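Enquirer: Sequence:
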Amino acid sequence: MERDGKSIIVAGNHREDWEYAPADTELFRVDPSTGESVALTQREGPDYAPTLSPDGRTLAYLGYDDDGRSYVSAAVYVMDLGSGKSRRLSPPMPGSVDTVRWSRDGKRMYVMYDVEGDTRIAELDLEGRLTDVIDGVGGLDLSRPYSAGAFEVGGDLIAFTQGTPTRPADLAVRRGNAKPLHLTHLNDDLLGHRDIDAPEEIWFDSPADGKRIQAWVIKPPGFDANRRYPLILEIHGGPHTNYGPRFAAELQLFAAAGYVVVYANPRGSTSYGEGFANLIDKQFPSQDYDDL
Numbered sequence: 282m283e284r285d286g287k288s289i290i291v292a293g294n295h296r297e298d299w300e301y302a303p304a305d306t307e308l309f310r311v312d313p314s315t316g317e318s319v320a321l322t323q324r325e326g327p328d329y330a331p332t333l334s335p336d337g338r339t340l341a342y343l344g345y346d347d348d349g350r351s352y353v354s355a356a357v358y359v360m361d362l363g364s365g366k367s368r369r370l371s372p373p374m375p376g377s378v379d380t381v382r383w384s385r386d387g388k389r390m391y392v393m394y395d396v397e398g399d400t401r402i403a404e405l406d407l408e409g410r411l412t413d414v415i416d417g418v419g420g421l422d423l424s425r426p427y428s429a430g431a432f433e434v435g436g437d438l439i440a441f442t443q444g445t446p447t448r449p450a451d452l453a454v455r456r457g458n459a460k461p462l463h464l465t466h467l468n469d470d471l472l473g474h475r476d477i478d479a480p481e482e483i484w485f486d487s488p489a490d491g492k493r494i495q496a497w498v499i500k501p502p503g504f505d506a507n508r509r510y511p512l513i514l515e516i517h518g519g520p521h522t523n524y525g526p527r528f529a530a531e532l533q534l535f536a537a538a539g540y541v542v543v544y545a546n547p548r549g550s551t552s553y554g555e556g557f558a559n560l561i562d563k564q565f566p567s568q569d570y571d572d573l
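Sequential numbering of the sequence shown, starting at 282, is according to our numbering.
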């Protein structure tokens, strides 16, 4: 809802052939009294997640130009609602921006994105400068170590979900520049007495072409380096998504049964830049198979 209460800004798909391009949304200003709408954006590619600045003059939103590649990172755009002019604000980043929230004073915003399998919250000022403020966001996917987190901003407080390699998400807050404070410990009674191995990060060169590949290893309880163990290679779907050092009940169950578990982010995974993700553009599976 805009500040004058006379219109609502929403994302929607008004294309006649929307069934063939369901993700190609635009932003619209809608008059709730008449139902009439006016398009604020128009391009090949989605615009979505609109959020107004505190003074109601600037609209921040997410989007990208669909150039036909299988993966394009979503970026932050800002629009001056007075002139209707918009510009890209966020710099090139390792992964898509997932969420954007304004600060109370409207001088900056907070965004969430992935880098090398880690989900972070960063401060983005109106000149496009990005500063990480929180890492380890996530823990919402209990089964596998996918990227999944959430946050909200209120005043000088950021509330977010923070998982660890051995625990699902708990609620944490960060006030100003202080260290994050964990407010909940929801799974201590369930997992506190169990022997859970934290994933160990490794990097290796792909046998295909030497590309650096990030992976993690989970070992069984009481692991003995002098013994031989069966191994499970867990492969993520997508293909454009990422695994990370996050709690995963399914993988911990495998480890508890005596398996060494390895999971990786082969080429095509996100959080390493568009170039890495598009190494499999129009050719998967290909060398991503060799990475594994």
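Hints in this document: simulated from the structure, not taken from any laboratory.
Quick caveat, the model's predicted, so the values are computed rather than measured.
Even for Gly, the Cβ is constructed at its ideal location relative to N, Cα and C.
Treat the hints loosely; a few may be bogus.
With a Cα cut of at most 30 Å, we get these calculated DSBU-like pairs of lysine-lysine [unchecked claim]:
| id | residue 1 | residue 2 |
| --- | --- | --- |
| 1 | 388 | 460 |
| 2 | 388 | 366 |
| 3 | 492 | 563 |
Restraint ranges, calculated between C-beta atoms of paired labels, are given here [as the list claims (entries may be wrong)]:
| id | residue 1 | residue 2 | range |
| --- | --- | --- | --- |
| 4 | 382 | 348 | 51 to 57 Å |
| 5 | 386 | 460 | 49 to 55 Å |
| 6 | 382 | 325 | 43 to 49 Å |
| 7 | 368 | 304 | 18 to 24 Å |
Enquirer: Given a hinted range of 18 to 24 Å, is it respected by the beta-carbon distance of residue 368 and residue 304?
Expert: holds (22 Å)
Enquirer: Do residue 382 and residue 348 keep their Cβ atoms within the hinted range of 51 to 57 Å?
Expert: With Cβ atoms ~28 Å apart, the hint is violated.
Enquirer: Check whether the Cα positions of residue 388 and residue 366 lie no farther apart than 30 Å.
Expert: At roughly 18 Å apart (the allowed maximum being 30 Å), residue 366 and residue 388 satisfy the hint.
Enquirer: Just to be careful, I want the Cα atoms of residue 492 and residue 563 compared with a cutoff of 30 Å; is the pair within it?
Expert: holds (19 Å)
Enquirer: Does residue 388 pair with residue 460 here, judged by a C-alpha cut-off of 30 Å?
Expert: holds (22 Å)
Enquirer: So the hint says 49 to 55 Å: do the beta-carbon atoms of residue 386 and residue 460 match that?
Expert: At 22 Å between Cβs, range violated.
Enquirer: Taking the CB of residue 382 and the CB of residue 325, does the distance hold inside 43 to 49 Å?
Expert: violated (27 Å)
Against the hints set out earlier in the document, violations occur for numbers 4, 5, 6.
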